[in-house]
Amino acid sequence: MGIPIRELAGRAAALGRGEAVAPLATPVREVNRVAGELGAASASLGEREAALRRSEERFRLAATAYQGAVYDLDPATGRVERTAGIEAITGVGAEACEPTVEWWRERIHPDDAERAWGAIARAVEGGVGRYDVEYRVAHADGRFVRVRDTALVVRDAGGRPVRVVGSAVDVTARRQTEAALRANEARLRAILGTVPVGVVIAEAPSGRIVEGNKEAERVFGHPVLPSPDAESYREWVAHHPDGRRVEAAEYPLSRVVRGGEEHAELEVLYLRGDEREAWVRLVAAPIRDEAGRTVGGVVACLDVDREKRAEAGLRRLNGELESRVAERTAERDRMWRLSTDLMVVARFDRTIVAVNPAWTALLGWTEGELVGESLTGLVHPDDVERTLAEAGKLSRGLTTLRFENRYRHKDGSCRWLSWTAVPAGGFVHGVGRDITAERAAQAELAEAQEQLRQAQKMEAVGQLTGGVAHDFNNLLQVVLGSLDLLRRRVPDADERTRRSIQGATEAAKRGAVLTARLLAFSRRQTLDPKPVEPNKLVAGMSDLLRRSLGEAVRIETVLAGGLWRACADPNQLENAILNLAVNARDAMPEAGGKLTIETANAHLDERYAREHADVPAGQYVMIAVSDTGTGMSPEVASKAFEPFFTTKDVGQGTGLGLSQVYGFVRQSGGHVKIYSEPGEGTTVKIYLPRLHGAAEAAGARGGAESDRTLPLPNGEGETVLVVEDEENVRRFTTEALRDLGYRVLEAGGAAAALRLLDAHGAEVDLLFTDVVMPEANGRKLADEALRRRPGLKVLFTTGYSRNAIIHNGALDPGVQLIGKPFTVEELAAKLRAVLGRRERQAASAGR
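UniProt numbering numbers the first residue of the sequence shown as 1 and each following residue consecutively.
No lab work stands behind these hints, which were simulated from the structure alone. Since this is a predicted model, take the numbers as computed values, not measurements. No false leads were slipped in.
In the DSS-like style, the derived pairs of lysine-lysine whose C-alpha atoms are separated by at most 25 Å in a straight line are:
1. 685 / 594
2. 639 / 685
3. 594 / 673
4. 639 / 673
5. 685 / 673
6. 536 / 673
7. 780 / 793
8. 214 / 308
9. 536 / 685
10. 594 / 536
Modelling step: build the complete structure from the supplied sequences, incorporating the hints.
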């Protein structure tokens, strides 16, 4: 073309501005040619623009449909264009997002920023060309979203980055799903590793085994075979119960992954890896996806070898069991017929259905008389309510064990029964055992235990009162002895002084009587047992009793002929009878009443001894004192022997009368019993052991009489070693002895006494020692003194013996004792008796 395009363009522009342009000197042919070429070029450009618009529309639609955000980054300016998907990731709309790369960088989690931006920088600046990185980005609601950022770096001809086009996708849910899947897989592996069942898992439809746990390996005896498909199951060696080899397609796992069965089960005799055959139960089920398609199968492998072999053993025993059942049935029938225990079958309404023959033997009722009657019809009226309550428990399905009640015998008597019963099959099955004798024995045992408890209580109280009496006797010794010394030293005192001394002396003597009663109860008094004929003793007390009881009380004696003798202290026995008589008088109204004293021979048998724990069986002499007074309740009678217990008004009794009787009788080896009812009077029976033989009597009587015939002179200068731990008692004793004409050495204990004995040698004529002392008791001291000084005379004194020199109420042979409190006259008499007796014995030995 002749005219340059540039010129044509200039002229066209001038025309467009309205300027006058000279006509082109161009032939029409060339103009048409240019116009044609321009038209063709214009058409081609329009087509390209339309294609570009269509491409951009398709990209826009694709970006809109894309789940993530598409971005276009200019590396030079840092400006970014983002699609609307950015809002789903950040919670900020595309129009509100800053179109800069820094806005995005600030939203990256601090812990991920360095790693994420480093990957992007390496791709953009290092020439990698693309990047793919995951990191967390802040959401507008405060949480962080995990995104996967993938981009392509576009470079110019010089290799410089001119554009970065990429996408960011929210992969939070995907990663959580993957984590949950991993956790589920871990749990499944943990379960497979711990369940006591073998488990094998296979894919479908191939049947390839993908998993097996340790228990499966234990069941099979070898590792799970890595079978590639169901056909390879033929490598497993197993047989049906009938001996046939199990084919690959017959295994339950193959049947669910290949055959489409919902449930497949098979028991096989499997050849284990250790060459041992074992029974295994295989139970398989398909594994399906959400669409219901079978994607795999799982089989449970159960070791049932022991169970199967046990079943075989049970089958072998079945015949034996049937015969045994028949034998047991016959045995049960025999037990029903021959048992001595009651057996009953009843309905829940207590109607009797069947009873065994024992009902006739034990209660006298026949089966015909009982069937159809109520089970409670024969129950004792006092036990009916309890029996109905127990029957109610049975109807609720509970079991009865050892339920006790009374059933009426046909003769009208009652028997105690102990029941065991169970509900079964709509009936109550019960067994009743006769426990009448056992109940009686239990009652006797309870009575014996109560007697033992009472005896132990009385023993404990006795020890307490004995200790109190000992200390009180020491005090009374000082008081009574000092008064006696005072009276002797002032014989010319005026009348008023003598009355005061006499009054104090009498009071001290009454105190001594009180302590004597305490010692009697505690069985620590010193007795002088002799053969006693109770009939003569009671007859000799008639005047004393009449004076003590008064004319309002009638006295009657019933004395048995041929009465045995007893061995007891006659004075204490008289005191005991007198105490009982005075108590009887006080229990009778002012109008008086009747007092009866009775004697008899008695034999207490083994049964009585069992009922009274402290009484040995044997022959006794019984003395009973009965009155027609007001009587006592059981509660009062149980406490009557306790010291200081009294029903009398204050000031009218000490509460020691009956306790003294109790202590004396028990110390004498006997037994005392109270029989009383309110309004019916009281009887107290004393049982003293029968005395056998006459030699003992003569010896006892002779020893007692010799003491009373000895003279009572003062001392003649003899030396007495006094041993007493109580200083006041020792002071009185030494003063009294000096007043009586004796030389005195004194010691406060055994050790000091032995030192004095060694120092003074033969000067000491008599050892006068207390029995109860803290260092060593008087008996041990006397034994040691006699070892050092054979022939030394010894006199003991005590207010409480503690069995040191007294056993069973009597002095040991050869022992001389003066009890506390004693007067000067009693001390003088006893000393002279001991010294004089020894002198006569020595003289007799010399002849």
